[in-house]
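> If you read the protein sequences in the order shown, they are chains A and B. For the first sequence, the residue numbers in our numbering are 1 to 565. For the second sequence, the residue numbers in our numbering are 1001 to 1202.
Worth double-checking, as some hints may not be accurate.
List time: in silico DSBU-like cross-link candidates among lysine-lysine, alpha-carbon distance up to 35 Å [said to hold, decoys possible]:
hint : chain 1 : residue 1 : chain 2 : residue 2
1    : A       : Lys198    : A       : Lys364
2    : A       : Lys198    : A       : Lys340
3    : A       : Lys395    : B       : Lys1141
4    : A       : Lys469    : B       : Lys1150
5    : A       : Lys340    : A       : Lys202
6    : A       : Lys162    : A       : Lys198
7    : A       : Lys132    : A       : Lys450
8    : B       : Lys1015   : A       : Lys395
9    : B       : Lys1141   : A       : Lys398
10   : A       : Lys398    : B       : Lys1150
11   : B       : Lys1031   : A       : Lys430
12   : A       : Lys539    : A       : Lys286
13   : A       : Lys202    : A       : Lys450
14   : A       : Lys398    : B       : Lys1015
15   : A       : Lys469    : B       : Lys1015
16   : B       : Lys1141   : A       : Lys340
17   : A       : Lys430    : A       : Lys132
18   : A       : Lys198    : A       : Lys398
19   : A       : Lys395    : B       : Lys1150
20   : A       : Lys198    : A       : Lys132
Output of the computed footprint for chain A on chain B, the stretches with three or more beta carbons under 8 Å from beta carbons of chain A [claimed, not checked]:
hint : segment
21   : 1110–1123
22   : 1148–1155
23   : 1190–1196
Because the hints were derived from the structure by calculation, they are not lab data. This structure is a prediction, so every number in the text was calculated from the model and none was measured. Built from N, CA and C at the ideal position, the CB exists for glycine as well.
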Amino acid sequence: MPDIVPSQPRGRDHRAPDVLRPGAWVPMRQYPEDEEVDFAIVGTGAGGGTLAAKLAEYGFSVVAFDAGPWFRPLEEFASDELEQEKLIWTDNRIVDGANPVELGHNNSGKAVGGSTVHFMMVSLRFRPEWFKSRSQLGYAVDWPVDWREMWRYYDEVEDALKISGPVNYPWGPPRRRYPYRAHEVNAAGLVLAQGCEKLGIKWSPTPLATISAPRGLSPPCVYRGFCGFGCSTNAKQSALVVWIPRALRAGAEIRDLAMVGRIETNRYGRVTGVHYQREREWRFQKARNVVVAGYAIESPRLLLNSANAQFPDGLANSNGVVGKYFLVQSNDAVWGVMDKEIRWYKGPPSMAVTEHWNYTDDGKDFFGGYAYMSQGPLAIEWARSLASVRGLWGKALKDAMSQYIYQAGLKICGEVLPREANRVELADQKDEYGLPIAKVTFSYCENDQKLRHHAVREMRRAMEAVNAKDIWDSESTAHLGGTCRMGDDPGTSVVNADGRSWEVPNLWVCDGSLMPTVGGVNPSLTIQAMSCRIADRIKAMAARGELNAPAALRSRTAHAVGAEI
Amino acid sequence: MSDRVRFPGYSTLAKRNTSSWNEATRLVVDKRLYQPPARCFFTEDEWPILLAICDRIIPQEGSDRVPIANFVDQKMAENLGDGYQQADQPSMQEMWRRGLRAINQEAKLRFGETFADLPGGRQDDVLHMVQRGDVRAPAWKEIPPEEFFKGRLLHDVVTFYYAHPRGWDEMGFGGPASPRGYVRMGFDRYDPWDAVPAGQDR
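Can you build the whole structure from these sequences, using the hints too?
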């Protein structure tokens, strides 16, 4: 019987799984632990996976670590909601606050490729003004980055992932067409389209990171609908199938099932490498630079768990900002029954979107914005919603479940404002590695609540406009951000515009936790664009001799992989 | 809520040997169907309470039932958590243990019998009380009844029924879909391997 949850590391013996070919391997360069690599990257998702590929392609020596396994999607991804929970970070964490966050499926991943392995592939750009929301829109805080610079990197990522989207996207500054054509919108998406048209607002096929035409060894999307549980055909352009193979080809090493527990520092206050556990043994990798890319809970947790005599409050935390300003996005939804068959289990879950309330400020009694999208929950997720939100069980639950193929729904990705009181800190409990676990405290503020109420009211109007019956709403949250925020002021941020920590110059952050605000769109495209930008900044700084213990930029040929396979 | 929609003759399992199921899916679902886990977490005293609860939350007819309680037991035995724990609440395992004890205590206090010995209608009454937080048994001092009912009891029981092909068939869900997905995506469209509701002459 094949093992479909790897219990042993696969990235070793100078080879790595070829995720695009069953049973095959690709060569992987490896680095000795006692040799300083240019960059040790902790995490291989949208932040770390992207950065590993870019830095390796620029000639740096890179070792990237992931606590999760290295899956082979073609052989190991079942069409099964329960089995695929293996992709989620389910190590225990304490949640607190007035609105404790449900951690798991909506906001974590534990696999090479991180949460992009099971993300819904929605690939939207920030509204330009959000990069200066304090100066231009009057709320929250500015990013230390200009949108025009980010636009170039959005272009780069959309091309790297061959985003499938419309010829003309209705919002934002003029842009070129998406690399691949838009997918046919499923009935669930057409409900959104009809609703928006009745209300007189724009809608669009959602730009998605699943391909609409063949690309290399990836076939076009077959609309199997299990996107949130891992793509078993490799149509999804996740970090696992895009950035990680690029990183390997450029000479990076990826260590799977390798949990980094602590970052080491020397007496000069510089980081020297990472302590990590692999195969039940604590090991140490020397590095000239360390990049934290474990997302907005694990990244601050690692910095806090790395406290020592010289850095008693954790690394990069003398101003106390690490773990603060924790962000989520509100994920409220409105559901209803249509008189036509919808069968929302077909196709990616969110095939249509409206960003109307991201780009319209009129008529709002709150700051920030939200997009709303069509939905497609599968059996277990839908049953849990009916049970937990509507309180249905017994015959009532079975009757409601029998309406499944007529069901439609809309759900927001809503902006939440950064507040210091929302935070990640260390709990007293320890995990299997003996490391203190994270405690995550979150409460909505009044502005967040006003946004949610507005969104639910608008989505109800849209559902009523298409004659949906039996309309009800539910609440949830998705995505994370904010806990290692970037900024211009060393007093109020953890890292600068380059993702470089103010306090420890060879310590970097490159994931969603450096986002000081989250806007009203899914963050993965922005995280990847920022990673490409940080890679370019690092390359430029290295060329100018501005890196701590600068590594000479090597020629790419020097990294030709000569492993014996 | 309108009448229940039925899908006569529809079976996700009938697609097992088609291109709708890949080998990984067959492995996982076969195991769920043919090797249900034996009880090893809940005690002999707790077990009949859990069995009775599962029967009320998900009514099943006939003798060939989805062994929901066994899957709940396995989840507790393996301590496969959800990834988070409320600051003021006990662990997942403790929630179940204390919850079962409290439900049984509530049944005895209100109706003078253990939960498992009550008739179905009375069991429903007890469960509704717990769901509403309208409880009197002292054991509820240890856990919040509404949160236990919604976040633990319903969550787990419902999950394991709708992880089973029988749950998929009843709701008209397509079930496993890989490498073959779907082709017809618009309003009122269905593929030949989709469920068709009764009474539709097509």
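> Could you grab the alpha-carbon distance between B/Lys1015 and A/Lys395 and see if it respects the 35 Å cut-off?
Satisfied, since the Cα-Cα distance of roughly 27 Å is no more than 35 Å.
> Under the criterion that the straight-line Cα-Cα distance not exceed 35 Å, is the pair A/Lys469, B/Lys1015 satisfied?
This hinted pair holds, its Cα atoms lying about 32 Å apart.
> Given the hint that A/Lys539 pairs with A/Lys286, does the C-alpha gap stay at or below 35 Å?
holds, 20 Å
> Taken at face value, is the distance from the CA of A/Lys430 to the CA of B/Lys1031 at most 35 Å?
holds, 33 Å
> A/Lys469 and B/Lys1150: Cα distance at most 35 Å?
Given that 35 Å is the threshold and the Cα spacing comes to 25 Å, the pair holds.
> Please verify whether B/Lys1141 and A/Lys340 have alpha carbons no more than 35 Å apart.
violated, 48 Å
> Can you confirm whether the C-alpha distance between A/Lys395 and B/Lys1150 stays at or below 35 Å?
holds, 17 Å
> Would you mind confirming whether the straight-line C-alpha gap from A/Lys398 to B/Lys1015 stays at or under 35 Å?
Roughly 23 Å separates the two Cα atoms, so the pair holds.
> Does A/Lys198 lie within 35 Å of A/Lys162 when you go C-alpha to C-alpha?
holds, 32 Å
> Straight-line Cα separation of A/Lys395 and B/Lys1141 no greater than 35 Å?
holds, 30 Å
> Is A/Lys340 within 35 Å of A/Lys202, Cα to Cα?
holds, 23 Å
> Holds or violated: A/Lys132 with A/Lys450, Cα cutoff 35 Å?
holds, 22 Å
Checked against the numbered hints given earlier, the structure breaks hints 16, 17 and 21 and satisfies all the rest.
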